[in-house]
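Chemist: What follows is the residue order along each chain.
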Amino acid sequence: MSDAPSKFGEYGGQYVPEALMPAIEELDDAYQRYVVENEDGFVDEFRERLRDFGGRPTPLQRADRLSERYGTDVLLKREDLLHGGAHKLNNALGQVLLAKYMGKERIVAETGAGQHGTATAMAAAHLDMPCEIYMGERDINRQRPNVFRMRLNGAEVNPVSTGRGTLKEAISETMRDWATTVETTHYVIGSVVGPHPFPTMVREFQSVISEEARRQFDEQVGGLPDSVVACAGGGSNTMGAFAEFVSDDSVDLYAVEAGGSSLGVDEETGVAPNSASLSTGTEGVLHGARTKLLQDRDGQIVESHSVSSGLDYAGVGPELAYLVDEGRVTPVTVDDDAALEGFHRLSQTEGIIPALETAHAVAWLEDATPEQLGDSVVVCVSGRGDKDLESVVEETENREVPNAPDMDVFSGGMR
Amino acid sequence: MSDAPSKFGEYGGQYVPEALMPAIEELDDAYQRYVVENEDGFVDEFRERLRDFGGRPTPLQRADRLSERYGTDVLLKREDLLHGGAHKLNNALGQVLLAKYMGKERIVAETGAGQHGTATAMAAAHLDMPCEIYMGERDINRQRPNVFRMRLNGAEVNPVSTGRGTLKEAISETMRDWATTVETTHYVIGSVVGPHPFPTMVREFQSVISEEARRQFDEQVGGLPDSVVACAGGGSNTMGAFAEFVSDDSVDLYAVEAGGSSLGVDEETGVAPNSASLSTGTEGVLHGARTKLLQDRDGQIVESHSVSSGLDYAGVGPELAYLVDEGRVTPVTVDDDAALEGFHRLSQTEGIIPALETAHAVAWLEDATPEQLGDSVVVCVSGRGDKDLESVVEETENREVPNAPDMDVFSGGMR
Amino acid sequence: MSRLDEAFADGPAFVPYLALGDPDLESSLEYIRALDRGGADVIELGLPFSEPIAEGPTIQSAVVRSLSGGMTPTKFFDAVETLDVDAPLVCMTYYNLVYQFGDEEGPRPFVERAAEVGIEGFVVPDLPAEEAGPLREACDEFGLDLIFIVAPTTRGERLERIMERTSGYVYVQARLGVTGARADVSDQTGASLDRLSRWDIPKAVGFGISSGEQAREVVSAGADGIIVGSALVDIVAEGASAGSQTGSGDVAEGHENGDPPAVVADRLETLARELKEGAVAGATRAQSERT
Amino acid sequence: MSRLDEAFADGPAFVPYLALGDPDLESSLEYIRALDRGGADVIELGLPFSEPIAEGPTIQSAVVRSLSGGMTPTKFFDAVETLDVDAPLVCMTYYNLVYQFGDEEGPRPFVERAAEVGIEGFVVPDLPAEEAGPLREACDEFGLDLIFIVAPTTRGERLERIMERTSGYVYVQARLGVTGARADVSDQTGASLDRLSRWDIPKAVGFGISSGEQAREVVSAGADGIIVGSALVDIVAEGASAGSQTGSGDVAEGHENGDPPAVVADRLETLARELKEGAVAGATRAQSERT
Ligand SMILES: Cc1ncc(COP(=O)(O)O)c(C=O)c1O
Ligand SMILES: Cc1ncc(COP(=O)(O)O)c(C=O)c1O
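Residue numbers (the UniProt record's numbering), protein chains in the order written: chain L, 1 to 415; chain X, 1 to 415; chain Y, 1 to 291; chain V, 1 to 291.
Mixed in with the good hints there might be a few duds.
As the list claims (entries may be wrong) - Here are some chain L residues pointing at chain V (derived, C-beta under 7 Å): (1) Gly13; (2) Tyr15; (3) Pro22; (4) Glu26; (5) Ser67; (6) Ser172; (7) Thr184; (8) Ser262; (9) Leu263; (10) Val285; (11) Asp298; (12) Ile301; (13) His305; (14) Pro405.
Keep in mind that the hints were calculated from the coordinates and are not lab data.
All residues carry an ideal CB built from backbone N, CA and C; glycine is no exception.
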């Protein structure tokens, strides 16, 4: 694992209240010792638990029918098979274990759709750490099964009622808790966002995705893929899928953002009907880091929107913003309708029901030119869609999704 | 893979309408050629797809806190990490692939809780085979998410309204479909039940569980475990977990059945408030095989009951019945209350939310004597509990489950 | 020659099926007498099993009605004992009921009791020839016939084995699938009968025959008899539910809510006559064609 | 010596905080004048940011009220320009607003405009000393102070670095956590002040002070001033929602539904006096203890 500069060009940094600075310095130090230098065998234990508890390595699967459809070898990196159903556990397990090595006694985390919260709750139960998850009240009501999973794993779920009661507010609230309890508590952030060392650390924990994919591709196909595609919310599955390919110039990297219902920001209402911060955002400071984000002219963060709640975030990881500016990563967007089509396409042609986040990555293959994809493309299947069934029924009913199955079995909705 | 006698002692056989006999003879022949003799590289393709699509091998994970609790090494065989969330895919993928090798054009299957149906629908989508699933109307209403998953994978779901509208009726209905379409259609049966060669074939497809576990145990711990524990409904995860240990006399094998609310059969109403066919059933013929089953004095099949719908079946695989009679497998039972406790225990102590079926196996550790478990026990975690969240909320509310989390976050139920 | 072979001796036999106890015991006994009057040469009496895997929806529902009316093997035999009809009776049921009956292991007690009450033979659709040894033996011991089914897909060695073991008659399944009345008669019937021509046991064709015209066709294609189930059960079912359609909406239980059993019995007798006549007409034609 | 240092020159300073525009612009201007009358030595004016990560629930809600009333940086400056109070004004906000303001990249336009409207300094809780270079420069250019926060956990090199860069005063955070009124005053305060004693810039202690008694304790522990936010914001919040409690149940927007602003202003002035007097009493005691 690699050393950690606190910035990526102008992006990154540590824009946090002074009370947290000692904690992130302590974390930076622990990151250096345990994660980078493998002190006390941290990395070995992490790898072993990822394997036995998490189910790594996840397969790299050739998608026969998509390959035929696009005239290129489509390989799916199956993070949906990770314990918990998404790539989120790679990071959650790493951080909870690190907290344990650091002698912390308690875990806090924020969650939006509940994916990071459930991954953290699972890791905390597994490692016997008390755990509290902050979650917006509105999200709690929209994501009951995930709330229930966290509770089952013994975590407390603290409803956040400020503001709109969604992810942004939950992050702020978790930072507040951390600022109060920083000496005994570790804050497990859920993506490659937040103050340094989080973006670097989360990327390191997630880079197992591309480490495996790179080796598997070489074994199964030979050489390197021509392109790698991953959806980007905060960007953790994205950086995880890209990391080991960044220095391979022949590999094109595509970050697929949520185009929502349209690109652009409504300054009047402070709403962006999308979450395309890499594609349309501007530089600013949010949640501890300088990065690209969705804001109005004054610098107020606007509400993002996406059919996929895991992509519904106004910021993005600073390293990803940097790689986009450098021209190394190409940001593209897929709107809500196309994402739903992608969802149904993968379900029907490959027997894999993807998360709605992942569906964006899959859907973009439809828009990509043959030159963009090349002869072989690795798509990161960041998670499975079980959590999204309810939304998909609703959203599919509300629109014309040409390839959706007839839902007549469901006379009265999902239950 | 091994050759297939059509009987296990007196159990097994082919008690089916004459119209189906040619089909099961054809299947027996295909099984012999493709599965036993690896004709056309069937086994190689099956193994490869199990790996890349299914996510095999699944880990064998040491459960630290359960090990501490029981004073023995508890190792979890993580079939919950298989694609689809249960061991069911091992069999479904094998049979759908076999159907393809046989030149069949269409797949039918029955499903109860929907686990086998979703696994079959996934496998059929993956291999581009049209697929119809029969499911009792009552089960459709109780298991909407699974119905939806099947539909998403492009399968038709045919409601069965005869009788009580549950698994038994769905099996009968699928047999009827098969009897009509036998020349072009393969019936993917969901457990080690039905006429020969199904029990043998399904066991062979599932035996990858114990094949891996045996090797992993030797690598990770050394030697052989002292005992193996698996839940038993039809008995496919059970036979899968036992198969490679059957000839190791030092390894004790425990099949955990659903004790429901009490053992015994109510002759008056034709109801058994349990599904303990190995422990309490008597010999008879059901769904094509002679086996142990729950019946009244006249031989009418009674309704079984369990909090776990995947165990809720009046019969059991003939090979398992035979191994019980031979004294090789010890049948034990866990009732509904204890199963719920087991569910919460694994969720809280290991960060793994098990299927309610699996929870029976986990719960039995609580009853087992140290002599029974020995120094190391492998527990088959046959599936994950996402499908059971709704039932668990309900059932936990209806009883006193001492270790259940406080569910106050859910003012108004799961949604 | 058993009473069953004999039934085919004087021209084409009409073999109706009803589930005993559908929709209640008393009515179903009356219906059986009606079939007898209508010209039945053999009557197949269904003893209902909880998992009737070989039946289509029509007979399945009959089985459910009979079971929820409390039918059991013991009651079945007791009722048959009182039944006074001309046609010989065949019991059609599933193997688990045959196997579980009585205190002794195996099918012998079931056969013994069947013999006692005057049953002449059995059809057991889920019992393949390979597993039929013990039942065959018991039947031989008590002088009963064991009738096997031959499907359109049954060929070669299997066919030989079955034809060796069947007695009384052979049940020729007209098409793939399960029982149920259909509008057309399968082309497969002729081919099946051709395959069976070298055995001289009576060939009764069943599955899907519902009218005199179909009966005629089947017999003229070479059948020695016709088996009719679902078309008759449909009349019983309609009779049983007739009251409930205008009534409370509940499914009728017994004749209190349906048409009077006598009316239903008349309808059955009428259809029976039509079927028998169709069969006879078919035989005449077959005869004339051959000459 | 800037106007801020000066404010600490004649004994302990009382530094109240309110979010401008809470619950509406007009009322909040009236409240600020009340604080001024009540004895404020410096007034911290919150310019609300959509993600106030350093604030507790009380100030967070104030921020939400102000934002939903339409507050923007431009309106903030325009309002401050009209404000006529004796106490020097400090703008408290988050870095993204500072950074985005104006057409030019970086914090300079924001500082320039702040200077124009008479603001004397800034507190930017999410801007660490390490990233403060550009803002520090702009402040120096326009003669404004940049006040840093020191937490109970700030030690060693970090502390040195911060103390080097802060000007006007240093904001001493009394306890870990976020803003919010508490009943007790932390023991950590004394220890923090001890650590800071070798720097002779004014030390203003904040976080959790809500009564004259607490003000007295903090000052007698060695503080040069007290910063009070949440306790004052509570009064604004109560005033704003007073109407809605007996009314329609909707959260009040503006004073139409709440207590009249004049009444709320009186309450603020009263608490301000109490706090100022507490601080002064503390100073007397500290003085006497030292001698
Ligand atoms: C399955 C899945 N994919 C992707 C994301 C987006 O997060 P990130 O961009 O950090 O990978 C989420 C977030 O919840 C997710 O659950
Ligand atoms: C997770 C799981 N375990 C166990 C079973 C029981 O089946 P079997 O006994 O065939 O393994 C089921 C059936 O649905 C299941 O879903």
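Chemist: Going through the numbered hints above, which ones does this structure break? Give me the numbers in ascending order.
Modeler: 4, 5, 7, 8, 9, 13, 14
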